[in-house]
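> Given the coordinates of chain L, work out where chain C should sit on it, guided by the hints.
Sequence lines, in order, name chains L and C.
Each residue of the first sequence is one higher than the one before, counting from 1 in my numbering.
Each residue of the second sequence is one higher than the one before, counting from 176 in my numbering.
Derived from the structure by calculation, the hints contain no laboratory data.
Hints may contain errors.
To be verified - Restricting the straight-line Cα-Cα distance to at most 25 Å, the calculated cross-link-like pairs of lysine-lysine (PhoX-like) are:
hint	chain 1	residue 1	chain 2	residue 2
1	C	Lys-291	L	Lys-146
2	C	Lys-291	L	Lys-118
3	C	Lys-215	C	Lys-325
4	L	Lys-146	L	Lys-116
5	C	Lys-291	L	Lys-150
6	L	Lys-150	C	Lys-321
7	L	Lys-146	L	Lys-118
8	C	Lys-293	L	Lys-150
9	L	Lys-116	C	Lys-325
10	L	Lys-140	C	Lys-291
11	L	Lys-116	C	Lys-315
12	L	Lys-116	C	Lys-291
13	C	Lys-330	L	Lys-118
14	C	Lys-215	L	Lys-141
15	L	Lys-140	C	Lys-325
16	L	Lys-141	C	Lys-293
17	L	Lys-40	C	Lys-291
18	L	Lys-118	C	Lys-315
19	C	Lys-293	L	Lys-146
20	L	Lys-116	C	Lys-330
There are 2 protein chains.
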Amino acid sequence: MTMRVGLLKRILSCPPPSPAISFRCSSSSSITPEATRLLKVGDVLRESRRFSESDVARYSEVTGDRNPVHLDADFARRIAGFDGGRVVHGMLVASLFPSVIASHFPGAVYVAQTLKFKLPVYIEDEVVAEVQATHVRENKKRYIVKFSTKCFVDKESLVLDGEAMAILPTLVLNK
Amino acid sequence: MTMRVGLLKRILSCPPPSPAISFRCSSSSSITPEATRLLKVGDVLRESRRFSESDVARYSEVTGDRNPVHLDADFARRIAGFDGGRVVHGMLVASLFPSVIASHFPGAVYVAQTLKFKLPVYIEDEVVAEVQATHVRENKKRYIVKFSTKCFVDKESLVLDGEAMAILPTLVLNK
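Pulled out of the complex, with its shape left as it was, chain L reads as follows (with noise of 0.2 Å):
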């Protein structure tokens, strides 16, 4: 049986990467320090996605989640109220925030979140994910950073709200 340890212990009580096993994409000797970019409070990571049909439904399969709300557009309309029609799942906007924070640190384990679902988002809505790091700590190596995590749609419209807490390999920013 694995030995399961809390999961701050677990990464803070791991050796810090060696420079010739990167946690980084692209390796750090390829960034000249003019290039290299580090993570600093208010910075912001964007992300922006149009959920398809065939992602809600694909969704749907993988996580058992077949509330008529999101695959059926007359429940959706008639019965919950929704004038969109099917709704894409909270839970998989809300993914575009973890997806974002590891597209920019791959290795990144993520450690709290919480959410606010505050407008519904519809199928092929343009929603953009923002994520922006509001505190920033040092810890034998690794970073555990605050992010306030927000989705919006026709740019304007908060749909989800929240934050986050992960812990980082690197704050260099490869992006």
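Only chain C this time, still in chain L's reference frame:
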């Protein structure tokens, strides 16, 4: 453009379902008074699940989250220090909560969720999701319910902890 109205306001301003248009999978007429069981504070809904390599790969594809801790066993073990190899995405584990709720209450709308990822979940671990009603409030024939939400592995290790709030169309349990 679809008018976006806040989730709580939208759901609570929508007329309650008529007996002819049931929110439930089974029609209410088939439930005898003796068989009708209403969700009450303290009730626990459970679901168990093992996430396979294929589940994690499909989830990565649909969400775009390709963090190597989920996809590369060598990276997960040697670099990130996860003894059990590839880690299931935390948000995939968390998807069990709305899934459990929707399976008992089709048409449920998720309003909020908090998540603390306490221990890693490895591929093929048996995860038990427990959703316990902690507060129930009626408003215009809908039910605003708070849940304690927990996931366990090996029946005792608390891997994921948090709370959820959802609007249910009924309190009748059909499972």
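> Would you mind marking each hint as holding or not holding in the structure?
Evaluated hints:
With a CA separation close to 13 Å, the supplied pair Lys-291 of chain C and Lys-146 of chain L stays within the 25 Å bound. A threshold of 25 Å between alpha carbons decides the hint, and for Lys-291 of chain C with Lys-118 of chain L the separation of about 21 Å falls inside it, so the pair holds. Pair hint Lys-215 of chain C plus Lys-325 of chain C holds up; C-alpha atoms about 18 Å apart against a cutoff of 25 Å. Simply put, Lys-146 of chain L and Lys-116 of chain L have alpha-carbon atoms about 17 Å apart, close enough for the 25 Å limit, and the pair holds.
A C-alpha spacing of about 18 Å is found between Lys-291 of chain C and Lys-150 of chain L, which places the hinted pair at or below 25 Å, so the restraint holds. Between Lys-150 of chain L and Lys-321 of chain C, the direct Cα distance comes to roughly 23 Å. Compliance with the 25 Å bound is thereby established for this hinted pair. Of the pairs offered as hints, the one joining Lys-146 of chain L and Lys-118 of chain L holds, with about 21 Å between alpha carbons and a cut-off of 25 Å not exceeded. Distance restraint check for Lys-293 of chain C and Lys-150 of chain L: the Cα-Cα separation of roughly 23 Å lies within the 25 Å cut-off, and the hinted pair is therefore satisfied.
Between the alpha carbons of Lys-116 of chain L and Lys-325 of chain C the distance comes to roughly 18 Å, so the proposed pair stays at or under 25 Å and holds. A hinted pair counts as satisfied when its Cα atoms are at most 25 Å apart, and Lys-140 of chain L with Lys-291 of chain C qualifies at roughly 22 Å. For the proposed pair Lys-116 of chain L and Lys-315 of chain C, the alpha carbon gap of about 22 Å is at most 25 Å, so the pair holds. Annotation: proposed proximity of Lys-116 of chain L to Lys-291 of chain C holds, straight-line Cα distance about 15 Å (limit 25 Å).
For the proposed pair Lys-330 of chain C and Lys-118 of chain L, the alpha carbon gap of about 34 Å is over 25 Å, so the pair is violated. Simply put, Lys-215 of chain C and Lys-141 of chain L have alpha-carbon atoms about 48 Å apart, too far for the 25 Å limit, and the pair is violated. With a C-alpha separation of about 30 Å, the suggested pair Lys-140 of chain L and Lys-325 of chain C falls outside the 25 Å cut-off, and the hint is violated. Restraint check for Lys-141 of chain L and Lys-293 of chain C: satisfied, since their Cα atoms lie roughly 21 Å apart, inside the 25 Å limit.
For the hint linking Lys-40 of chain L to Lys-291 of chain C, the alpha-carbon distance of about 24 Å falls within 25 Å, and the restraint holds. Between Lys-118 of chain L and Lys-315 of chain C the CA atoms are separated by roughly 19 Å; this keeps the pair inside 25 Å, and the hint holds. Between Lys-293 of chain C and Lys-146 of chain L the CA atoms are separated by roughly 16 Å; this keeps the pair inside 25 Å, and the hint holds. Distance check on the hinted pair: Lys-116 of chain L and Lys-330 of chain C sit about 29 Å apart at the alpha-carbon level, beyond 25 Å; violated.
Taken one by one, the earlier hints fail for this structure at numbers 13, 14, 15 and 20, listed in ascending order.
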